[in-house]
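Produce the entire structure from the sequences given, and follow the hints as far as they go.
Protein chains in written order, with this note's numbering: chain A, 3 to 108; chain B, 1291 to 1624.
If you're looking for bench data, these hints aren't it; they were derived computationally from the structure. Model, not experiment: these values are computed from the prediction. Incorrect hints may appear among the rest.
Stated by the list, open to error - Simulated crosslink set (DSS-like; lysine-lysine; CA at most 30 Å straight-line):
(1) B:K1562 x B:K1379
(2) A:K97 x B:K1562
(3) A:K66 x B:K1547
(4) B:K1325 x A:K66
(5) B:K1433 x B:K1379
(6) B:K1512 x B:K1499
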Amino acid sequence: MADASFTDQNFKTEVLGSQTPVLVDFWAEWCMPCRIVGPIVEELANEYKGKLKVGKLNVDENGKTAQSYGVMSIPSLLIFKNGQVVKTMIGAQSKDSFKREIDSVL
Amino acid sequence: MTYDVIIIGSGPAGLTASIYTTRADLKTLVIAGGKWGGQLMLTTLVENFPGFPEGIQGPELMMNMRKQAEKFGAEFVDEDFVEADFSKKPFRVKASDKTYEAKSVIIATGADTRWLGAPGEAEKIGRGVSSCAPCDAAFFRDKNVIVVGGGDSAMEEALVLTKFAKNVTIMHRSDALKASEIMQKRAKDNPKINFFYNAVIEQVNGDQKVESIRVKVNPSDKSLLSKTAEEIEKITPAIFSPKFVSKDKDSITLDLKVDGVFVAIGHMPNTKVFKDIELDEHGFIKVHDHYLTNKDGVFVAGDVHDSHYKQAITAAGYGCAAALEVQHWLENQE
Chain A
3 MADASFTDQN FKTEVLGSQT PVLVDFWAEW CMPCRIVGPI VEELANEYKG
53 KLKVGKLNVD ENGKTAQSYG VMSIPSLLIF KNGQVVKTMI GAQSKDSFKR
103 EIDSVL
Chain B
1291 MTYDVIIIGS GPAGLTASIY TTRADLKTLV IAGGKWGGQL MLTTLVENFP
1341 GFPEGIQGPE LMMNMRKQAE KFGAEFVDED FVEADFSKKP FRVKASDKTY
1391 EAKSVIIATG ADTRWLGAPG EAEKIGRGVS SCAPCDAAFF RDKNVIVVGG
1441 GDSAMEEALV LTKFAKNVTI MHRSDALKAS EIMQKRAKDN PKINFFYNAV
1491 IEQVNGDQKV ESIRVKVNPS DKSLLSKTAE EIEKITPAIF SPKFVSKDKD
1541 SITLDLKVDG VFVAIGHMPN TKVFKDIELD EHGFIKVHDH YLTNKDGVFV
1591 AGDVHDSHYK QAITAAGYGC AAALEVQHWL ENQE
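In structure tokens form, the structure reads like this:
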């Protein structure tokens, strides 16, 4: 399971204030490519347990956060380290390709 | 282990082929790609696929096809194809860092979005530049967007965008649309959609996201060319806050404020990754006898060879034909 569901309300404490790096999956119910990425994100959450906090953010319900990070296409996966965006991955990709991107910043 | 057949691609052609090969009891591997499902994954309602009188969502159709193929035993690798060695048998096909072997191959890699190639475009894909209105339209609520293209897919993208955007403008390089009558009518009847003809995007501007586009207009009414900068700005729709840039004897260049650019000017066949496969003069894979390529044992199906029909149902038909040919070819090898 992904660790968390992020919202406009908890984003500051859960993501920006996190000790470990955080991967945020920006998604929405209507987004078909998100359905492909969803299960991959779940697997990533398991494989990176302890090293990376993984969670989803529904852009329809949490528009403020999505907008403030300039998310204009989903799925978008952003990695935050010490409150800063260190990696942006736009669009569906294979698990290996996500892993390469994650490994490059961890 | 050697597969009877490896199918590269997971759109309607690849998945239909895999349904037929597995049902013929051929050991089948589908190299589906990280973004499996092909172009239909970027669509909404598909109304012209037979058997669905109410229409079916493109991604749902693909998920159904995949389920059907898996039911009959097709194996899937959701990684991107890297390269293939067709010089000796068994053929070797690499996806991500793994190599698989097969007696035969069906290339069904389809086609991908043809981008404009304008400066500033590539960096802003996902930041205001998109090829998928059903994916990204919701981010353009009350915004001002451009759809580039004149075919059915441009009309479709524009119609999807009207649910969210404030203004949708279809920009086309000529004044003759290629879209079917029914799609043109739907677009023209929609009060949110306007048309901007004889215009080509030369540059996409913006810092973090799309802010404006530089457009070169070749007006059919040549009298426009003699107008002053102020007059030209005045007759251009005010929603674009137009800024005159320059003009010459047959064109006017303008900067237009827009929030999004949706590109729907067609597709390019995914052939680059195949080194020894012969292409036709348009860059599509050349079909030899019975869906064979120039390599014996390597077959082709769908949009990667079809520059003409490009429909989900024709791709599925080609997938079926290639699968039957593979079956026949394998029988003759033994």
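Quick rundown of the hints versus the structure:
no.	hint	result
1	B:K1562 x B:K1379	holds, 22 Å
2	A:K97 x B:K1562	holds, 23 Å
3	A:K66 x B:K1547	holds, 23 Å
4	B:K1325 x A:K66	holds, 28 Å
5	B:K1433 x B:K1379	violated, 55 Å
6	B:K1512 x B:K1499	violated, 34 Å
Checked against the numbered hints listed earlier, the structure breaks hints 5, 6; every other hint is satisfied.
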